[in-house]
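Take the sequences, apply the hints, and build the full model.
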Amino acid sequence: MASDDEVVKEVEKRLGTLAIREEIGASSSGTSRPERSREKWVDITDEFFESCQGLELGELAIAPNFSMFEAMSAIELMDPKMDVGLVRTRPDLGFAKCRREGALSLNYLPETLATLDATLSALVTWLEGGSLAQTLYTNVLLVNANLVNKVDILGTFGHAMNQLIYYINNIITTASVSEEEDFNVTNPYPCIPFQKDYKVIRIELEAIEASLESEAKMTNCADDDAAERLVMGSIAARLAFVRTLTQAIINLTPIHTIILDNIDKANPTPVATFRPNLRHTTEDLQTCLKNAVVMADTWHLGSRSERDDEDFAWLPAFEPDLNRRKLPATFPRKAEMIPRKRAIPYLVEMVQMLLRLPMEVPDAVSEPGSMIAYVREYSEAKFSTAFTRSVLQLMLFPLDDHVLGKRALSDLCVDSLKNALAPPLLDTDTGLLGDPGIKNMWSLMVSNMTKAFLLISQVFGSNLPRQREKLVHSISDFCILEMDADDLDKQCLRFCSGSSAPLNYNMQGGLHLGTFFISETLRLMRLYLESSFQQELIAPYEYTYMYWFYGDIVMKWLCSGNDRAYSYLANGLSSTGSKKGKTSVTKVSNKDSRKKTKLREYKAENAFLMIEMAICDGMFRAALALQLMGKIIVPMWEANSEELRFAHRMVPFKQLQPLCDLNYARYRRDSRLDSLVSGGHSQLLSDAVEAFDMARIQLEQGQLSDRYVAKGNSLLKVCKNNIVVLRLFSSGRMPNSRIHFEFTESPAYPMMRLQ
Amino acid sequence: MSEAGRSGLYSDTLASLERCVALSGGKEKAEMASQFSSSQKHTPLDSPSVSNSLDQPTGTSKAEPSKIDKRAQSAHNAQDIEFIGYKDETQIAEIMALITKDLSEPYSIYTYRYFIHGWPELCILARDLLSGKIVGTIVCKLEDVIKQASRRKGYIAMLAVDSDYRNMGIGTKLVQTAIQRMRHIGCDEVVLETEVTNKDASKLYGKLGFIREKRLFRYYLNGGDAFRLKLYFAPPLSYHALPQQQFQSTSPSPQPSFV
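From first to last, the protein sequence lines are chains A and B.
By this note's numbering, the letter at position 388 of the first sequence is numbered 388, and the numbering carries on one by one without gaps.
By this note's numbering, the letter at position 94 of the second sequence is numbered 1094, and the numbering carries on one by one without gaps.
Because the hints were derived from the structure by calculation, they are not lab data.
Quick caveat, the model's predicted, so the values are computed rather than measured.
Don't be surprised by glycine CBs; every beta carbon is placed ideally from N, CA and C.
Any given hint could turn out to be false.
[As the list claims (entries may be wrong)] Facing chain B, from chain A, some residues (calculated, C-beta under 8 Å):
(1) 68
(2) 81
(3) 82
(4) 463
(5) 637
(6) 648
[What the hints assert, rightly or not] Beyond 10 Å from chain A on every Cβ pair, some chain B residues (computed):
(7) 1077
(8) 1145
(9) 1150
(10) 1151
(11) 1167
Listed below in C-alpha cells is the structure:
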C-alpha cells in the first residue's frame, strides 16, 4: 500500500496541482512569478486537460487521514460560493487612507456621535457571539489607536474601548462559564490594549467630558447652536458610559490581577485578597445607567445612512473588510452588525443586569443552595449574557473558592448541612469527629461537596443545551456524594455502636447525611428534565414514561426527602431548649431563626411539588389515552422500541442505579400500565381531567409563596386549557381532531391544542 | 466511458480550473479550457431541490405552484418511483445538484466523495420511472463507536427530495431503506442532525421513532440551532434489561406502525 506521501504526490502529479497552486499564489500576491524560486516553470495546462480524459470513471485517490472533518472543512478554492479569498481586498483600506482624506475629523459632530454609537453597537454584536475581527475591529480607530496622538474624542474613545474590550475578554475567558458558541474570544490584535495606562485614559475621558458638558451648557449661544450642544452632551454621555462601565468592572472583579497573571503565567501574583467594592460599583453603575439612558434617547441625533445601519461601512471609520485576511479560510459570509436602535437600548438592559449584582448578591450567598438558585435565576434573565454572567462568577469567586472573597465555600457547605440536617456528626457532644477515620471521611466529603457546588455554579452561564449536558456531570457528582455520605453514616453508626459511644447515632437523627445529597441530586434531575421539555427534546409518544418518571419518581422522592427533613428539623426546633445552658441565647435564637426559614422553604417547595405531581399524572394519563385513541402514534421498529427509548432516556441517571433500578419493567409495574390500558381511553381521559382539576384547585386556593406565584399562574392556564381539551375529547365530539402540544406557558408542561 | 458521463464527472473541476487559469493571467489558456469544457458541459438538471439536508439549514420545503405542472409529465404517485443503489460517479453531479439546490452554503465535492465513495451501499436514490431523473437521495455512513463492545453507529448525512415530489413518502422510504441496510450490517443506533426550524424533517424522523437526544446551540454557520436525533436498536451498555420476551410496547395496536 502506498504511503500518505506517495498518495499525495500521486494526486498532485495526476492533477498538476503543484503548478496550479503556485499560479494561484502568484496571482493572489500580485506578482507574476516568485523570483526566489529556482525551479524552471513548465506550462502543463494542455497536458493536464488532456490527461483528464485518461482517468477512469470514479478513479479517486483517498488519503487515509482525510477524515470526515477534513472533508467537511474543505473548501474548493476559487469557487465564489466557498472561497472567502476569491474577492480581492481593496489595497487602500484602513486608517492611513482615512487620515489622508481627513475623514476622521471632528468637524461634523453628528458623524462623531454616530461613530461612537456604531462602535458600541459593534460591542453588543461581539457580546452576542460575533467575532472581534468582524465587529469592533472593523473600526480603524480602534485598530490604530496608537496612531492617534491627539487627545480628542475619537482618539481617547478608541483607547478606552480597547481597554474595555481587553477587560471583557479576560473576564469571560477567566470566568469559564460560557462556551465558544456563546462568546467568541478570538482576538486578531492581542497587543492593542497596552498603549495607554487605564488611569491616564480615565483622566483624559473625564477632561473631554467636562469640556463637552461645559460647552453644552453654555447659555449665551445662539438658538441655532442648540442642536449642536445637544449632540455635545450626548457625546459626553457616551464617554462617561464607557468610563463608568470600565470602573465598575475594576471595582467588581479582580481584573487587574487576572491580567497580570495572564501576561506572566509563569509567575502568578501571590494570592491576594480581593473583595468586590460593592458601594463604589453601585455608584459607578448608577452613573453608567444614567448615561446609557441618555444614549438610548439620543442615538437618533447621530448621522444616518440612507439604508439601515448594516455594517456601518457608510461611516469613514468603519471598514468591514479590514480584517478579512485575518479570518480563517471559510465560506464568504457577510457579518451582520446589530443596528443602533436595538444595540443602544440593549446596553441599558445590560447595565441594569450588572447593577443587580452589588445590590442582590450579598443576600443570596448565605448558603450554597440559595447561591446556585440565584445564579440560575440571573442566568435565565432575558438580558443575561456571557459577559454579565462572567462578572457574576468573578464577583462570587474573585480569586479562589472564597465567596465574595470572604468566606470559603466549604464553610458555607458545612453550614448548609447544619441547617438542613443538624447532623449529630457536627455535635461536639457525640465525639464522632474525634475518630480519625470519620474525620478523614468527613473532610473528603466536604471537599468533594465544595467542588460539586463550584461546578454547578459554573453550569448556568452557558446556553441551555450546554447547561443540560453539564447537569449530567453534576448529577453524577451528587450521586457519588450520596454514596460517600452513606458510607460515612455507616461508619458513624459503627462508632456509636461501640461500647464507648455516648449516644445511639441512628436514633439521634433518623435522618442521614445521604438524604441531603439525594435531595440535591433530585433537584438537579428536575432541572435536567425541565430543560429537556423546554428545549422540545421530548416527543409526544414519550410523554407517558417521561411524565411518569418526572412526577412519580423524581418529584415524589424529593417530596418524601423534604418531608423527612421537615419532621427532623421541626423536632430539633422544639428540643433546642434543653441545650440553652451551653450556648448563648442569641446563638440559639439565630439558629432557630435559620431553621424556621428552612422549614418554610421545605413546606413551600412541597406544596408546589404536589401541584406539579398532579399535572404530571394528568399528562401521563392523557398521553396514554391519546395513544389508545390513535391520536399519538408510537413508532415501533420492534416490540422493544419503547423500552430502548426509555433506557436511553435514563442514561444520565445511571449513577442512581444502586439506589433505584430505573428500568422499563419497573415503569410498567409501578405505573400500572397494563391495567390502565385495559381500562380504556375514556377512563384515562376522565382521570386526567381529574388530575388537572386537582392541580387547578390547589393553584387557585392554595397559598403559594412569592417564589412560586408567577410559575403557579402559568400552570393554572395550562391546567384550565387542558381540562377543556380533554373534556372535548372525552365527549366524543371531536373524533377527527388532531392534537398538538405547545410549551408556551410553561417550560415543562404543554398546552394541548386541537387542530 | 461516454462523453456525457465524463462531462458530469469533470465539469465542476474544470470550471474551477478555468477560473484559476484566468486569474493567473492566462487568458488564452482560459479560453482554451473553456472551449474544452463547453464541449463537454452536461445539460443543467431539471430543477431538483432539497427537502431537507441534515447537516445544513435549507430553504423552504414547500413546492412552488409553478412547478406543480411538471408533475403532469412525471410520476404521480409512489408506484412510479423506484429506489436504486448508487452506481458510479456519473450520478454524483445529479446527487449534488439535488442536495445543493436550497443549501445556504454548499458542500465541497470532498464531502460528497467522502461519504459516497466510503459507503456507496448507504447511498440510495429515488428515480422517477417516467422521466428517468433522480428525485430523491439519502447519503449515510457507518462508524464503530465502541470497538470492544462491537457497537456500530449509522449516520445519515444528507437527505433530499425534489420539491415536485414531496408528500409522496419518498423521504420516509429512503430513510427506512437506509436504516434497514444499516441494521443489516450491525448498527446499534442511527444518528443525524437537523435544523430546529426544519419541521418537515423533524416530523419525518419523529414518526420513525428517532428521539431528540440533545439540542446543539448555534450549530450552523447561519447561527441556527440543531437537534441531534437518534434511533436506537440496542440498549445502553449500562442498562440491565429483562429478557427480550418480557418486553411489551405501550402502543395499543398489536402491530405498531410508523404512520
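Going down the list of hints, with the structure as the test:
1. The restraint placing residue 68(A) at the interface with chain B holds, with a minimum CB-CB distance near 6 Å, inside the 8 Å limit.
2. A distance limit of 8 Å between C-beta atoms decides the matter here; for residue 81(A) the minimum to chain B is near 5 Å, and the interface restraint holds.
3. The beta carbon of residue 82(A) comes within 6 Å of a beta carbon in chain B, closer than 8 Å, and the hint placing it at the interface holds.
4. Hint status for residue 463(A) relative to chain B: holds, with the closest Cβ pair at about 4 Å, below 8 Å.
5. The restraint placing residue 637(A) at the interface with chain B holds, with a minimum CB-CB distance near 6 Å, inside the 8 Å limit.
6. This hint holds: residue 648(A) has a C-beta 5 Å from the nearest C-beta of chain B, less than the 8 Å allowed.
7. Here residue 1077(B) stays apart from chain A, with its beta-carbon at least about 23 Å from theirs, past the 10 Å limit.
8. In this structure residue 1145(B) is separated from chain A by more than 10 Å, as the shortest Cβ-Cβ distance comes to about 13 Å.
9. Distance check for residue 1150(B) against chain A: the nearest CB is about 17 Å away, which clears 10 Å, and the non-interface claim stands.
10. Listed as outside the interface, residue 1151(B) is consistent with that label: its C-beta sits roughly 13 Å from the nearest C-beta of chain A, beyond the 10 Å cut-off.
11. Remark: the non-interface label on residue 1167(B) is consistent with the geometry, its nearest Cβ contact in chain A lying 17 Å away (cut-off 10 Å).
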